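*Asks:* If you want the building blocks of each chain, they are given just below.
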Amino acid sequence: MEFKSITQLKTLLDENKISIKEIAETYIKRINEKKELNIFVYFNEDIIHYQAKEIEKLPNDKTLKGIPIAVKDLFCTKSMPTTAGSKILENFKPTYESFVTQKLINQGSMFVGKTNLDEFAMGSATNTSYFGNTINPLSKNDNPLAPGGSSGGSAAAVAADLCLGATGTDTGGSIRQPASFCGVVGIKPTYGLCSRWGIAAFASSLDQAGIFSKNVKDASILLQEIAGYDQRDSTSSNVQVPSFYKNLNPSLDGKVVGIPKEYTVDGISDEINGVWEEAIKSLEKKGAKIKYVSLPHTKYALPTYYIIAPAEASSNLARYDGVKYGFRASDAKSLDDMYELTRSEGFGKEVKRRILIGTYVLSAGYYDAYYLKAQKVRKLIANDFVETFSDCDLILTPTAPSAAFPLNEKQDDPIKMYLNDVFTVPASLAGIPGISIPYGKDKQGLPLGIQLLSKHYNEQEIFNAAFALEKDYE
Amino acid sequence: MSNLVKGKKYQWETVIGLEIHAQVKSNSKLFSNSSTVFGSKPNSQVSLVDAAMPGMLPVINKYCIEQAVKTGIGLKAKINNYSVFDRKNYFYADLPQGYQISQYKYPIVGEGKVTIDFKDGSSKDIRIVRLHLEQDAGKSLHDQNPTKTYVDLNRSGVALMEIVSEPDIRSADEAGLYISKIRSILMYLDTCDGNMQEGSLRADVNISVRKPGDDYGTRCEIKNLNSIKFIKQAINYEVKRQIETLEEGGVIDQNTLLFNTSNGKTRPMRSKEEAHDYRYFPDPDLLPLEINQKDIDKLKISIPELPDDRKKRYVKDYSLSNYDASVLTADKSVSDYFDTVIKSDKSLQDSSKIVVNWITSELFSLLKDNNIEIYDSPVSPNHLGKLVNLIKANVISGKIAKDVLLEMFNSKEDPEIIIQKKGLKQVTDTSEIEIIVDEVLLNNKKMVEEYLSGKDKLLGFFIGQSMKKSKGKANPKILNDILKNKLSKKN
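Chains as they are written, first to last, in the working numbering: chain A, 12 to 485; chain B, 98 to 588.
Among the hints, a few may not be true.
[Claimed, not checked] Below, in silico cross-link-like pairs of lysine to aspartate or glutamate (EDC-like), each with a Cα-Cα straight-line distance of 16 Å or less:
1) B:Lys-245 to A:Asp-348
2) B:Lys-202 to A:Asp-379
3) B:Lys-397 to B:Asp-191
4) A:Lys-297 to A:Glu-481
5) A:Lys-335 to B:Asp-191
6) A:Lys-335 to B:Glu-163
7) B:Lys-245 to A:Glu-485
[What the hints assert, rightly or not] If the Cβ cut is set under 7 Å, some of the chain A residues that face chain B in the computed set are:
8) Ser-216
9) Ile-270
10) Ser-326
[What the hints assert, rightly or not] Label pairs and their in silico Cβ distance ranges:
11) A:Thr-18 to B:Asn-130: 37 to 47 Å
12) B:Lys-159 to A:Glu-398: 32 to 42 Å
13) A:Gln-251 to B:Tyr-313: 35 to 45 Å
14) A:Glu-398 to B:Lys-395: 35 to 45 Å
15) A:Lys-390 to B:Glu-116: 27 to 37 Å
16) A:Asn-249 to B:Lys-395: 55 to 65 Å
17) B:Ser-137 to A:Glu-36: 44 to 54 Å
18) B:Lys-395 to A:Gln-251: 50 to 60 Å
19) A:Lys-390 to B:Thr-244: 47 to 57 Å
20) A:Lys-390 to B:Asp-217: 34 to 44 Å
21) A:Lys-64 to B:Ser-137: 38 to 48 Å
22) A:Asn-249 to B:Tyr-160: 18 to 28 Å
23) B:Glu-116 to A:Glu-56: 51 to 61 Å
Honestly, the hints are just simulated from the structure, not real lab data. Remember, predicted model here, so these are calculated numbers, not experimental data. Where a beta carbon is used, it is the ideal one built from N, C-alpha and C, also for glycine.
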């Protein structure tokens, strides 16, 4: 049996055409068949069977009863270890459940496993994980492709039909870019919409949980379930979460969509610009008004991001010191020795690079020139959006500067790798919501994504427009 | 009052600034809901947040904020409507997050001042630079095992107020007075329990010396002193060391020092290569703290009478001297005791000095000998008031009153009952005293003759004998009068 979407599976369940046990067995089988893609860091059949039995007992009105969900291994989970893709947390078993995963559990979802990611979510290709690369399921045999990152495992899991939805986190594009690479829907909501409680931190002021799904409807269902206020996270927003799914409305009549000129970057393929053009035309045809706008500080977004995110990371990752939990190097002769050895052996190259960058930009004598200045620029970037949204409902851009690239490309060139985030980082810095939906393909048949942005807490508008555009490829 | 210190060659002025770390009195920690009870089993009061588990986030404890604001008000300081929590980054085994959440650029409380009082009746203001909130670290235990260090995180995350003074302090004694005064204010406010032994109040002391009129010298910081005695010792040692170094032509290295309580010396804590760059930056897990004026005003109303106000009241209402009043108000429980005594009977208002004396000399020594705090005193304020009134009314003499107090201390009984039971009532009946005096004069005829021939000093002998006969109960003044009168008649 094919499962196309959450809504379809729910209908099958309601009509008793399938049991939760059968769902569990189907997905276990699929995951076992796709092991070579290295999508999961943790997969345990017994735990899935156990969940299936427990979920059976739940009342039928649970929104996600029996829905197979994959969880990025940055979310702390009680039933499965949590590694953050790092040796330093290898075998770490949290005694607590993250806010987001707890909400999914409460609604009866079935966790199929923990997905691979770039170590501590630092990367754009899911290739910095201690547990090896994840391979994009859309790769042809002779040319393995990257799934994007850092939530590459989650995006790949949805694309390979190993679940019907997955959690991700997006700090600078870590949901939207892999969604684009794997041809699935990925939404990063407004900063603060989903609690960060229980998610291993990368950059606190940017980290935001979000969703991967097969279509916009499913994304709206899932996001609604994981959103909400949490007093344990001081940056969590105490706002009413709308019924995204119920309110879905593909009408774009009178909506103003901004097209920022700064997102026409050198070296972007004609195919991507072509897809962008197509989407613009489609929106116009559907009744939207197109407005060419300017976000003048966009060019500073990437360097700003690569100061702020590493700065916060350098401090957030200080807790992984070998003292309390996780990996501790043996043979240390002193406390300082233990720190040095533990962190040298426990962290991978990219994480260490960012810790060093972050430590540098916060150092006495450099703080003002880097961190403080970056914070000021961040405000300017956010203001660009505020101004634009004063007379636009949405902004439309490409999601990533390329389609999925071969696995080993850019591996040794961090700057090139960082450029992957060029279209996604500005929204992260501004804390505004953004979605990536698949929209067309390149010559090789690889999916391309377009990104829709809107102002804070305006996820509904994003869902509506994405829902409308999605129909072009149904 | 000159505070100059004589060296071998020159006179020196000591310049001292204090950073006091006061533990906020609160049931739970600054950013988690773990308990703060002292002396609990190691690691029994550690939440996921305190242990810095992955994905755990700090949440500000509102009560700790209120405590800090109240303290700020008590220090006559500016309360900042906007303040920011920063991360102070460094690695240590008992610092689970790898950073301490503190306040750096924008503290919750700004400039204030504290008044210290001297014996000669004068006083001096010490300016406060700021007060900020921060987390305490855990505790490393190095002495439990020859090869291992154990870490106890019970204290990790407990709220501290760091109170920073201007370098306005000029001697060890002033430093002692200053920290006592801060302690007193905090205890009046009930924002810190003031228990220095348990580490609820500790101080870092910055010291430099200079020739009068010169710029500030290079300072050294002595870390983590937890008693006023040690603070004074450390200052005196360090001042001497700095003066000697300078007079021998040396220079003072800016350094962080530790005070060794067993030999009374300071020594450097770490070398310069180990100097930290704390990389302060605003904690992105916490929003800036905004306090509106209404809430501050509400807290202002809840502020109790503080030592300085009480001192003024005592000077005004009870005519106590400034210094006496400051000594009495230093300890809130003593001052509360005094207040209760005075209020127990209106007539005592005019005898405040006698009440003070009975509290600070007789009662204090009994309490001290028995290791009892004044708030647990077996002699109730009411009973002490009665005792003073009995003395004033000549029912008992001061001397007998001391015995009565001891009895009150031991039995918790009303002084009137004790006096009655033991028949200690002073004899004021002149006829009774006359009989005694007559008897004494009759039994000592020879002495009477000697007295009459000019040996005036013998009057004391007659008084002594008479008093003895009355078992100490004769009213001394009446006895004196009768004796003189009778002796003069014999002339």
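*Asks:* Against this structure, judge whether each hint is valid.
*Replies:* So, going through the hints one by one against the coordinates:
For the hint linking Lys-245 of chain B to Asp-348 of chain A, the alpha-carbon distance of about 14 Å falls within 16 Å, and the restraint holds. For the hint pairing Lys-202 of chain B with Asp-379 of chain A, the CA-to-CA distance comes to about 13 Å; that is within 16 Å, so the pair holds. Among the hinted pairs, Lys-397 of chain B with Asp-191 of chain B is inconsistent with the structure: their alpha-carbon atoms are about 37 Å apart, more than 16 Å. Straight-line distance between C-alpha atoms of Lys-297 of chain A and Glu-481 of chain A comes to about 12 Å, which keeps the hinted pair within the 16 Å bound.
Restraint check for Lys-335 of chain A and Asp-191 of chain B: satisfied, since their Cα atoms lie roughly 10 Å apart, inside the 16 Å limit. Taken as a hint, the Lys-335 of chain A and Glu-163 of chain B pair is broken in the structure, with Cα atoms around 32 Å apart against an allowance of 16 Å. At roughly 65 Å between alpha-carbon atoms, Lys-245 of chain B and Glu-485 of chain A are farther apart than 16 Å, so this suggested pair is violated. Given hint, Ser-216 of chain A at the interface with chain B, holds; its Cβ is 4 Å from that chain's nearest Cβ, closer than 7 Å.
With a least beta-carbon distance of about 32 Å to chain B, the hint placing Ile-270 of chain A at the interface is violated under the 7 Å criterion. Hint status for Ser-326 of chain A relative to chain B: holds, with the closest Cβ pair at about 5 Å, below 7 Å. For Thr-18 of chain A and Asn-130 of chain B, the Cβ-Cβ distance of about 41 Å falls inside the hinted range of 37 to 47 Å, so the restraint holds. Roughly 36 Å separates the CB atoms of Lys-159 of chain B and Glu-398 of chain A, a value that falls within the hinted 32 to 42 Å.
At about 58 Å, the CB distance of Gln-251 of chain A to Tyr-313 of chain B disagrees with the hint of 35 to 45 Å. Checked against the given bound of 35 to 45 Å, the beta carbons of Glu-398 of chain A and Lys-395 of chain B, roughly 39 Å apart, stay inside it. Under the hint 27 to 37 Å, the C-beta atoms of Lys-390 of chain A and Glu-116 of chain B, about 34 Å apart, fit the expected range. In this structure the hint that Asn-249 of chain A and Lys-395 of chain B lie 55 to 65 Å apart at CB is violated, the actual value being about 23 Å.
Between Ser-137 of chain B and Glu-36 of chain A the CB atoms are about 50 Å apart, so this pair conforms to the stated range of 44 to 54 Å. At about 30 Å, the beta-carbon gap between Lys-395 of chain B and Gln-251 of chain A misses the expected band of 50 to 60 Å. Hint check: Lys-390 of chain A to Thr-244 of chain B, Cβ distance near 52 Å, so the stated range 47 to 57 Å holds. Between Lys-390 of chain A and Asp-217 of chain B the beta carbons are some 57 Å apart, a value that contradicts the proposed interval 34 to 44 Å.
In this structure the supplied range 38 to 48 Å holds for Lys-64 of chain A paired with Ser-137 of chain B, their Cβ-Cβ distance being about 41 Å. The hinted range of 18 to 28 Å is satisfied by Asn-249 of chain A and Tyr-160 of chain B, whose Cβ atoms lie roughly 20 Å apart. Under the hint 51 to 61 Å, the C-beta atoms of Glu-116 of chain B and Glu-56 of chain A, about 59 Å apart, fit the expected range.
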